[in-house]
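Peer 1: Protein chains in written order, with our numbering: chain C, 1 to 388; chain B, 1001 to 1224; chain Z, 2001 to 2598; chain S, 3001 to 3324.
It should be emphasised that the hints constitute simulated quantities derived from the structure, not laboratory data. Some hints could be false.
[Unchecked claim] With a straight-line cut-off of 20 Å between C-alpha atoms, the simulated SDA-like cross-links for lysine to any residue are:
#	chain 1	residue 1	chain 2	residue 2
1	B	K1018	Z	L2146
2	C	K347	C	Q362
3	C	K343	Z	A2186
4	C	K312	Z	Q2078
5	C	K223	Z	N2075
6	C	K312	Z	A2581
7	Z	K2375	C	R77
8	C	K80	Z	P2532
9	S	K3155	B	V1136
10	C	K344	C	L355
11	C	K151	C	T140
12	C	K80	Z	F2380
13	C	K292	Z	I2072
14	Z	K2449	Z	L2045
15	C	K343	C	L355
16	C	K292	Z	Q2078
17	Z	K2526	Z	D2543
18	C	K34	Z	L2496
19	C	K84	Z	G2225
20	B	K1101	S	G3025
21	Z	K2375	C	V72
22	C	K151	Z	N2075
23	Z	K2375	C	R76
24	C	K80	Z	A2581
25	C	K269	C	A234
26	C	K84	Z	L2579
27	B	K1011	B	R1189
28	C	K343	S	V3152
29	C	K78	Z	I2072
Bear in mind the structure is a predicted one, so any value in this text is a computation, not a measurement.
Chain by chain, the residues:
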Amino acid sequence: MIPPTIPSSVSGSIESTMLHTLAMNDYFQDLFFKGRGATEGGAHSDDLYIWLWWFCLAWFVFLMGLMAVFCVLYRRRKGKIAPKSPSHHTPLEVAWTVIPTLMLVYIFFQGFRGYMNKMVAPGDAMEFNLVGQQWFWSMTYPNGAESTSVKPIGAKAASPVFYFPADVPVRLRMNSRDVMHAFWITDFRIKQDVLPNRYTTLWFQAGLSKNPKFHPKDATEAKAMGMEFIADLAGVPYEDHIVFCAEYCGNEHAEMAATIRLVPMDAWKKWMDYIENPVGKPPRDIGEFVWKTKCASCHSVDGSPNTGPTWKNAFGRIAEFSDGTSGPADENYIRESILYPAKKLVKGYGPNMPLISLKESQIEGVIAYMKTLSEAGAKAAEPAGEQK
Amino acid sequence: MSTLSTSSSSKPLWARYKPAIHFRNAAEEFDACKLGFWLFLTTEVLLFGGIFCAYFIFRTLYPDAWKEGSGLLDWRFGAGNTVVLLLSSYTMAVSIYCIQKDQQFRAQLNLIATLFFGALFLYIKLAYEYIPKWSVGKRPGSMFDYPFAESAHLPLWWSVYYCGTAIHAAHVIIGMILIARVLWRTTKRHYGPTHYTMVEITGLYWHLVDLIWIFLFPLLYLIH
Amino acid sequence: MAHTADTHHGDGHHGSYLERKGGIIATIFDWATTVDHKKIGVMYLFAILFMFFLGGVAALAVRYELLVPVTIDPNTGQVQGQFLAALFGSDQPTSVSPGNNIYNRMFTLHGAIMVFMVIVPSIPASLGNFLLPLMLGAKDVAFPRLNLLSWYIYVFGSIFAVSSIILGGVDTGWTFYTPYSATTDAGHPKVVLMVLGAFILGFSSILTGLNFVVTVHKLRAPGMGWFDMPLFVWAIYSSAIIQVLATPVIGITLLLLVFERVLGIGIFDPARGGDPVLYQHFFWFYSHPVVYVMILPGMGVISDVLAVQAHKKIFGYRAIAFASLGIAAVSFIVWGHHMFTSMSELASTVFSALTFLVAIPTAVKVFNWIGTLYKGSIAFNTPMVYTLMFLFLFSIGGLTGLPLGTLATDLHLHDSYFVVAHFHYVMMGGTIVALMAGIHHWWPKMFGKMYNETAGILGAVIVFIGFNLTFLTQFLLGTQGMPRRYASYVPEFQYLHELSTYGSWILLVGFLIHLFNFLASLAVGKKAPANPWGGMTMEWVADSPPTEHNFHGDPVCTHGPYDFDRVVPPHWDPKDYPLPAPEAGGRPMVAHSPDKHD
Amino acid sequence: MSHSAQHADAHDHGESHSHAIVGPGLLRTVLAFLLFFTVLTVAFAQIEVYVEHAVGIRLPWWVNVIGAMSIATVKSVLVMAYFMQLRYDNPINTLAMLFCFFALGLFLMFTGLDLFSRGMVYDFKSGPVIAGGTGAGVPGANNQPLTQAAKVRFKERLAENNTREWLICAAKVEDAANAAAHSKDAGAAEAAAVLAAQAHHMMDLHAVMVHPPEAGAQAVVVRDLEAQANTLRTKGNAAAAELVAAAARSVQGIDMAQARASYSVEAMFDRLAAVAHGGHHEDHGAASSSGNASRARTGVTGVTGHAAPHANESGHGHGSEATP
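So here's chain C without its partners, still in its complex pose:
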């Protein structure tokens, strides 16, 4: 079904060149967009927007100018009788109906061209599966691994970072677990709703800019940059693009951001190897990462109240459940709560927890992490840790 070649040269077309000629355009490009669209489709729609800006501005100035002139010339003055004037003029009325119509047809076709470019990926695009969930994004790479890098955005300490190869067409196959979300990569000027129980797609092909950033070269530099040090990627250039959720999805809609990080193809392959075999990553760290990206919006680790029970000293305590029973919050209970969130609720909390699919290693990681947050758990973990 995928057409092999779709106009990917929109930005090079004559119209686009025409669209991007005026000297002041760069000023407005910066004012409106803080930089030029980072993909071909994005650059084309920027040009189209700026063209529309001039178009609208011209009409607006013309109309408002006429209005102002008439208001001054024909203001009401005592004793002055208004001159005779026509109350309709057929050729004029036909003209101002037909001319805008023709202009609108042109605008529609420009928009259509850019739209098809943005919607239809080239046939050789790499496919990634992206899942939206209240309130985070998660992605599965072609090798089945999940992203494990984070970065703070706004009020959220850890938003996921997704690595993509630069200069390669990439297609996202998107789906939501719960309500509707929308994936908006502002620098690429594209946006697509992410729907539950239905797939939507988005594609882009972007390169690194002339002034990319670079991965940290050693652990101290990484700490200074607030980044994770990854030996394989030391010194590799990258380019970050922010992603927002653009379809209202509930409480932390505003915090549902992510980052798209473009790296050269060979570095991206190294990254894939790295996330497939997170060498020497202890389960506790995996657990902490899972917490940061998927659990932190509802579960605190410092004892402060939130949508869900805090994890501080949660492990190993005797929990009271909403059905009146009580039991120990042990490994089995935690696993059960992750797999069947509504089965046993801690007293005082509603059935708010969504189903979050975790891998076996991630569940173990969460348990290990929770143990470190609890005095009882830390004791229990010690002998087990030694055995390993």
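Position chains B, Z and S against the provided structure of chain C, taking the given hints into account.
Peer 2: The following block gives chains B, Z and S in isolation, referenced to the frame of chain C:
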């Protein structure tokens, strides 16, 4: 709209009727009321339009579910109810004719017949359709509990079926209330050859109820 | 040019409709049971202004929250910058959730109130009710009791919707998109209350609409053909048709949504096999046409105010009248442009093409209005200042619709602040500004008192400044990538958000000036003449304020609504301001009908 | 303004339209037509089913749709024109109704334009990820499609001892009925009818779901069958009575412990499904009987069409990637 003059007279109420003062005459008022009510009927049609749209969309997307669903309905009850409603429409129309001819008693008989057919419709719907189906789990959405579904979208079929027929049944009930009111006022001689706006309007409403069913019947019971 | 009519003596007395009927209780009872379209219009006006105040408070709260971005102190883990949460005394500073929660409820409240309870009924239900029979030369609307019923339904629906606040507020957004609206606060009745409130308000809208259609068809004064109607009536008529044809669909949509929440029927819920995009189609099949229910009456007000205040026959009367109908017709086939990011490629393309069709009649109207100013005699009073403001703001609102209708650019601008700014320019810069123009223009007719012109113009100018500061900045926020319905934002956007919030405070000042101006006018205003602006349409024949059955006698239509060069306006003293040069053949001295009942 | 005066006159004259009187004779004729069309539309649907069964010719689906809808349209036009008197009324009312149907048409057409063209660029966008819904957050559905959850619930019920014993007895009675039906003994036909009715009654969904069996099914069934046998005896049909009594004895002789072990839930489910589907033959007539044979319409849906019937076994086909 129907303001009754207070002056006592030996004439029946309908003959004493005077139109509201902002109308030039009774005919204009009658015309305005009818136009207003037809506009109201368009809103009713479009209200059901939502159900028809859901039917149309899901039927095309999930034909198996619709086929299975209509197979689980018994056309005989649908056809029977169609006949009942058509008869009621006929008696309603006749009662308007009788009012126009000042045959008050015949009009009342026909209105009672209309009420009877309306009640019969509801009885058939409830006793032979809703209750037996609901009890074996043929229910909409979350409440679905029928174990032998072959198509995964069968609950949606029941959602559309119940929404459509229940909203229609609500209209039948409203229509019956209107008819009962007209019947009551007929006994007081409110309506007659020169003034029968309310009878006509109630009739229009009742015919619309019939009209909707004329489409619901083949859509739900016959098309497969 | 015969204009005599048989005069109904004895059908009611000839006092003003505002005249007290006995004591306080009797007066309240009189108003509560009135079937007089003027009283119902005035009651609508006050109810709507009250709702506008409520929605405005929510808007100020939303802007206040966005003054600074939310940050988390890296050392203490405390959440900073959540003003609303601080205001309402939340004690959970380590999570953004409670603050966001309040914000989400506020913007939902703002949207729902402003759309369903203010802008949709604003001009048709208040000015329309008051003016339609007057402009047609009728004694009342076709179904006066239905009219009162629709007011009560409006109040009932509003109470329903607003009562959900008491239960903790609704956080769905005014669009109630599924599956979020079907699942949020599961089991709690407040969302159902809000949705049912909107459902009930729909009935009020339908009843008003069909009442107006029938009134226009059946109650025009003798001699008034379709093209002798004022353009305000054309606009009300067009929007009434939309109300009748589109509102039932939102009725069934909201009903199904209630079933969805209460019974879980699943038509719109993907968890149960349904389709959330289908909900969007249902919703926008009503909610797009209703955008024109909001703006068309505003355009009607502008057409009338412009012609009267410029003493100029409207340019291209028929073009404007047909443009109203054209907009009404096209409005039914463009709803998909709200869904460019969730629809199929084919549907988006078709809807985009159709969307551009709306631009044509809209542009024609703007050209005609500016053409009307040419060689007019333009007065600068509050209604006219608001009318010029309408032309300015509505042009911006209309032109910024182009990049939203254009597919390629919409993919970026969709659901961003650009959209927020765009529809505020149309809805507020259009409808609310037109409402303000209309209220000032017909205030003397409604209450028989003049307002203070200086205060009016001052208020208008402040509103203009505040409005542009609030919303021009939001266009930039949108293009730069700020999504809508965000309780917080990345710090890059702070500068523009701050400006926008300051603008909202200026707007508040402007509206407060108007409020005091209105109250002062009611209390100590100068008595208004029957025709303070020299209007030509039938409402100026009546007294200010009109008598209970509007006219002394049955008026007859003798000329077009804007024939300033042919006819002397009723009650018009040519010494005040001269009229335009008369057409050959001179002009008769009195318009429409004998008004004095002597 | 002379033309406007004409306008006003025109609508003054227009009133005369409204007071049309439609006589009972015409109304009766219209009613007769309406009833005739009702019969016609039912017959049309029945004949199609019959033709398919008897001759094996399957008409394209749209024949049925267009046929039924055209008849419905004709009927509605009759109702509107005569019962609702649009034919004699002010044409503006007809116009209002036409506008309304036009708006409805736009609504259906443009909604369909989107929903039916989703798979235009990428095939996988057209169908749902999990046919019948994800069931996420639906009480009792356990993140499964609702139909699947209903099956699971029902199978849990079948696994209960009371229900299981009840159905084992039912199976025994059914076997006896089948044996009697194939026998040429005297009274076998009557006995078969009685036993089949009993078995059918026991396997009906009402018996299992609505009135769940209590403990001691065996004794209840034996008592019922013996009562039936007595009835037959009093009617003077001793041979049939003896066969029924024999069936009662065989039910009494079931070793429940052994039978429970050998009679699987799946087998019971299939048997009940067969009864439920077969039941429509009797209950609902020939028209609907074929409704349960899942004939997929030619390639209308992508994912849903084939994933639906076997969703329970195949793990939801395409959905496995995106959902746990």
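Peer 1: If a hint holds in the structure, say so; if it does not, say that too.
Peer 2: Hints and how they fare:
1. A distance of roughly 18 Å separates the Cα atoms of K1018(B) and L2146(Z); the hinted pair therefore holds under the 20 Å criterion.
2. For a cut-off of 20 Å, the pair hint linking K347(C) to Q362(C) is broken: about 26 Å separates their Cα positions.
3. Proximity of K343(C) to A2186(Z) is assessed by CA-CA distance (about 17 Å); at most 20 Å being required, the pair is judged to hold.
4. For the hint linking K312(C) to Q2078(Z), the alpha-carbon distance of about 17 Å falls within 20 Å, and the restraint holds.
5. Distance hint between K223(C) and N2075(Z) is fulfilled; the C-alpha atoms sit about 16 Å from each other, no more than 20 Å.
6. Proposed proximity of K312(C) and A2581(Z) is contradicted: the alpha carbons are some 86 Å apart, above 20 Å.
7. Simply put, K2375(Z) and R77(C) have alpha-carbon atoms about 13 Å apart, close enough for the 20 Å limit, and the pair holds.
8. With a CA separation close to 19 Å, the supplied pair K80(C) and P2532(Z) stays within the 20 Å bound.
9. A threshold of 20 Å between alpha carbons decides the hint, and for K3155(S) with V1136(B) the separation of about 15 Å falls inside it, so the pair holds.
10. This hinted pair checks out: K344(C) and L355(C) have alpha carbons roughly 14 Å apart, not beyond 20 Å.
11. The suggested pairing of K151(C) with T140(C) holds, with an alpha-carbon distance near 18 Å, which does not exceed 20 Å.
12. Note on K80(C) and F2380(Z): the hinted pairing holds, with a Cα-Cα distance of about 15 Å set against a maximum of 20 Å.
13. With a C-alpha separation of about 15 Å, the suggested pair K292(C) and I2072(Z) falls inside the 20 Å cut-off, and the hint holds.
14. Of the supplied pair hints, the one linking K2449(Z) and L2045(Z) holds, its CA atoms being roughly 16 Å apart against a limit of 20 Å.
15. Among the hinted pairs, K343(C) with L355(C) is consistent with the structure: their alpha-carbon atoms are about 11 Å apart, no more than 20 Å.
16. A distance of roughly 17 Å separates the Cα atoms of K292(C) and Q2078(Z); the hinted pair therefore holds under the 20 Å criterion.
17. Distance check on the hinted pair: K2526(Z) and D2543(Z) sit about 15 Å apart at the alpha-carbon level, within 20 Å; holds.
18. As the CA atoms of K34(C) and L2496(Z) are separated by approximately 14 Å, the hinted pair is consistent with the 20 Å bound.
19. Straight-line distance between C-alpha atoms of K84(C) and G2225(Z) comes to about 26 Å, which puts the hinted pair past the 20 Å bound.
20. A distance of roughly 14 Å separates the Cα atoms of K1101(B) and G3025(S); the hinted pair therefore holds under the 20 Å criterion.
21. Our distance criterion of 20 Å between C-alpha atoms is met by K2375(Z) and V72(C), whose separation comes to about 11 Å.
22. Restraint check for K151(C) and N2075(Z): satisfied, since their Cα atoms lie roughly 17 Å apart, inside the 20 Å limit.
23. Annotation: proposed proximity of K2375(Z) to R76(C) holds, straight-line Cα distance about 10 Å (limit 20 Å).
24. Distance hint between K80(C) and A2581(Z) is fulfilled; the C-alpha atoms sit about 10 Å from each other, no more than 20 Å.
25. For the proposed pair K269(C) and A234(C), the alpha carbon gap of about 14 Å is at most 20 Å, so the pair holds.
26. At roughly 10 Å between alpha-carbon atoms, K84(C) and L2579(Z) fall within 20 Å of each other, so this suggested pair holds.
27. Between K1011(B) and R1189(B) the CA atoms are separated by roughly 10 Å; this keeps the pair inside 20 Å, and the hint holds.
28. At most 20 Å may separate the alpha-carbon atoms for a hinted pair to count; K343(C) and V3152(S) meet this at roughly 17 Å.
29. With a C-alpha separation of about 64 Å, the suggested pairing of K78(C) with I2072(Z) is violated against the 20 Å cut-off.
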